Amino acid sequence: MGEGRQVGKGTRVRAFICTVIGVIIALYVLFPFYLVVLNAFKNQASIVADPISFVGASFSQLKTNLSAVVNNQNFSFWYAFGTSAVITVISLVLLALLGAMAAWVISRNNKKKWASAIYMVFIASMIIPFQVVMLPLISTFRDVGKFVGISMLQSVPGIVFAYCGFGGAMTVFILTGFIKGIPYDLEEAAAIDGCSPEGTFFKVILPLLTPVITTVTILNGMWIWNDYLLPSLMLGQNGKVKTLPVAVQAFVGSYVKQWDLILTAALLAILPMIIVFLVAQKQIMSGMIEGAVKG
Amino acid sequence: MLSPILMIGGALLLIISLAMDIGKSQSTARGPMLVVGIIAFFVGLYLFPTLKHHRKIVYFIFLFPLLFTFAVTVIIPLVLGICYSFTDWTGIRFEQVVGLKNYTTMFKDPAFIWSIVITFIFVVLNMILINLVGFLLALLCTSGIKGDGFFRASYFLPNLIGGIVLGYIWQFVFSNVIIGLTNNISLLAQTKTALFAIVLVYIWQYGGYIMLIYITGLTQIPGDVLEAARIDGATPAQTLFHVKIPMIASTITICTFLTLTSAFKQFDVNMALTNGAGSVADFMGNYLSNGTQMLALNIYNTAISKNNYALGQAKAVFFFIILAIVSLIQVRVSNKKEVEL
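Protein sequence lines, in the order shown, are assigned to chains R and D.
Just so you know, we're using our numbering here: the first sequence kicks off at 4 and counts up by one.
Just so you know, we're using our numbering here: the second sequence kicks off at 13 and counts up by one.
If you are wondering where the hints come from, they were derived from the structure by calculation, not from laboratory data.
Watch out, some of these pointers could steer you wrong.
What the hints assert, rightly or not - Which chain R residues face chain D? A few, computed with CB under 8 Å, are given here: (1) Val40; (2) Leu41; (3) Ser61; (4) Val151; (5) Glu201; (6) Val251.
A quick note: this is a predicted structure, and the numbers were derived from the prediction, not measured.
Just so it is clear, CB atoms sit at the ideal spot from N, CA and C, and this is done for glycine as well.
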């Protein structure tokens, strides 16, 4: 009896200590976010004087900062936000659709040499770092663009094309693994009912892929939305078309140490992602885990 | 009847639009013509009146788009890139093949050697520290504390933010907030502390993600195994080292290589936080001003800032070889583990 009580007390003390440690770490992790939000409400002078306390923070200052940032020539928030959103959404839809189509063909022919060869090339390509292809990529896209008469650099279609190419391998890899687990009987039943192969794919297979398409969409989405290097090389630092990370970089480059403006810009840049996270927290976290474990 | 018309018409449009390039035509109709031509060709192919080969045609149409984008963005640039690294390529054209000259030049450059050294230090430090932090956080979150959902979400939060933005956020934190704790010298002002700062930021960004993977591993340990250990009178420490850690060996492998490759490719944070700046008084008899420039950033700066594409490309190929070796080791280790289990 006495021992049982002691164990109970010990676990409670331990749980309390764990919670305290957890809270301290959470404060450390969230502290930079607090600083960003807080200092977006201040002007440069009060930020430099005291970046941690509420002194000098006001809604009118936030409005001033926001309008200074949003209408800034180098940043043009709404335009950059829109471009990023368009690029991300189109790339994600295409990757999911084209990836599922390719993965289905590969997994339904996995005993044939050509299919396993394509699959192996996709897997092997996942180790290629972006740095080794980025320079020739630009010149290839420039040449292809000239050849076909469609601008591939400094254009949204060009960058979507590149994301389909770079994201294809991982997408096909994860989707193929999933499709292999779908019993072939399902497709045979559809075929007996007179369904064409493409009809079978769109009516039977694609709906079954919803959970795994969610996973690849999250993985690709986090990458494409936050990607800096590819758009900065393809679109140029001060090109006409800008994604959000490129705009932040261009903006900060022209306002060194103007923390009121920089932090307001940072707040605007992280806000969309945080809102998405708050809405779809569970899916994002489990998607990220699945991507890591499978990849 | 429609099918051959579409196929031939599409092919014709395609050929004409490409021929216009060779004929140096400046017509803006070229691009749309090409796209319409390709679509017409594929629709024609799809409608091709055959029952026997219909399945094969569908397979081809389904596979083609992704393979095409993949070939143009990955395979062709990779092959070209490896070839360019043996030439005097300027990013637009090359005049002559120079053999291994780029490769010998890059290893004579102290700044590049320095980049390699600090990248390796950074990678090893990160691998150890992020795994340690991630694992401890995972233990914390699975210890049955209240509100673990909140803790998980908040530890993971930094992982959502792109490296560029969080690099600037931390630049602010280091130069305006933490500076009060460090005698008014920013951590970013000196090379050694700046490298330490990059490690710190990277752990902050990546630790929560690794934690999530460890949590998955830990929660997959069967409950009866832990129960048996408890009944046998194992202390929490014994359970940890003799039950939990051996049971999640495969998770540890995944996390180790994940942190290794991602730290190796690190670019955004490096660029936004220090942009490579930092003085090194004497390295191989030279003064360096790029003390915090890691490999990926060095490659970028060589090609883009210094406009030396061929040398940058050679460095990139070297970078690729290192990563390929790491990946091969990973495959070996994982396969061995699976055999043992």
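Checking each numbered hint in turn, tell me which of them this model violates, lowest number first.
Going through the list in order, the structure violates hints 1, 2, 3 and respects the others.
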